[in-house]
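**Q** Add chain B to chain A, keeping to what the hints say.
As they're listed, the protein sequences go chains A and B.
Take the first sequence: its position 71, counting from 1, is numbered 71 in the working numbering, and each next residue is one higher.
Each number in the working numbering corresponds to the 1-based position in the second sequence with 113 added.
I should point out that these hints are in silico values taken from the structure, not numbers from a laboratory.
There are no misleading hints in this set.
Distance ranges between label pairs, derived from CB positions:
#1 65(A) / 250(B): 36 to 46 Å
#2 158(B) / 21(A): 25 to 35 Å
#3 10(A) / 251(B): 22 to 32 Å
#4 77(A) / 202(B): 17 to 27 Å
#5 254(B) / 21(A): 14 to 24 Å
#6 126(B) / 61(A): 26 to 36 Å
#7 231(B) / 61(A): 40 to 50 Å
#8 18(A) / 260(B): 12 to 22 Å
#9 274(B) / 61(A): 43 to 53 Å
#10 129(B) / 39(A): 21 to 31 Å
#11 187(B) / 35(A): 16 to 26 Å
#12 18(A) / 280(B): 30 to 40 Å
Cut-off 27 Å, straight-line C-alpha distance, at most; resulting in silico cross-link-like pairs (BS3-like, lysine-lysine):
#13 321(B) / 183(B)
#14 21(A) / 264(B)
#15 321(B) / 21(A)
#16 255(B) / 21(A)
#17 271(B) / 321(B)
#18 155(B) / 61(A)
#19 271(B) / 21(A)
#20 21(A) / 10(A)
Chain B side only, calculated, beta carbon under 8 Å to chain A, not exhaustive:
#21 159
#22 197
#23 243
#24 244
Given the structure is predicted, the values throughout are model-derived calculations rather than measurements.
For each residue, glycine too, the CB sits at the ideal point set by N, CA and C.
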Amino acid sequence: MPPQPKDVLKIETVWIREYAKTYLPCEAGFSFPAGRLREARLSLLGVTMIFRNGYVVFADKLDDPGAIWVVEGSDENSVSFQLTVIVVTETLAVDLVRVERLLEENGDDNDAA
Amino acid sequence: MTMMQHDRGSNARVVQQYEVDTLGAPFKVTLWDCVSLGVDPKTGEEKVHIPDLVGLIKSVVRARVSHPRKLNGAELKFVRNALGVRANLLADFLDMTPEHLSRCEAGSKVMSTMSEKVFRLFAFLGTFFSDPEEILLRSFNKEEIDKKAKKPNEMRQKFAEQFLSMKIQSVFDAEEDELHFHFIRRKSKSSKPTKRQKMLSEDDDEWKEPEPMKACG
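Pulled out of the complex, with its shape left as it was, chain A reads as follows (with noise of 0.2 Å):
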């Protein structure tokens, strides 16, 4: 697991946490590129491990609802990714936009958004 990034914005990271660890008795699900997923040899398994322990460094509220929120964490392979989501809290909406792999510390930096 990577250390904790230094602003971490811990409300958010909460609710992204409790997110992936809920059933949700709705539609608003979850949206993603599956192309980017692919590309990146990132899982919805992964996107889900990230979710889970990862941290939420970025928000920033957007004009339609919801906002943009950047979260970093590691996949079932402890890969490091940076993933971009819209989440709107009200409807339980996530949406992944973004998918970027990290740079690892042997220097493959391989960035597949």
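**A** Positioned in the frame of chain A, the structure of chain B alone reads:
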């Protein structure tokens, strides 16, 4: 109409069947009549929308551990990760060393039938909890389990049905009989929707394996 950034777009359509190749499962999973595909108006990329991803992953775990075919290393790892359980805690629970569990997950060792049965029981039970690791960290009494589990009656009924008579299948043709699970999300007629469910949708949190298609392979 102004398109919002999180909007799936007016061209989003529900597809009859969708094979979730991005799930991360080492077997096939197909979803019926519940996934919608659309195009992101900003990027032009195809967007996939799945309701209740967490519930789906837990249903996939339940389906796999209920299938009698012996779990291979990748499946053991998938199930553990899907439950969010640390390897050292699980190894301790299964009374094996973390190294042995790691080798089982890597496929260089085979987990004993007895350990696999205990693992399956734990995994099945764990899918009814928001934090399955909690089961490993402390002991529960019956009342606490009922309180913590999302659906205690269903959990008990399925638990008894699935595992009392299960024989793990160690001999099979993996090439010819690839495991393939199918799921459909549908409203159960018996349950009354909660106020929140009424507000949000007609859906009531049920991923099911359609009877005629249960666990091919």
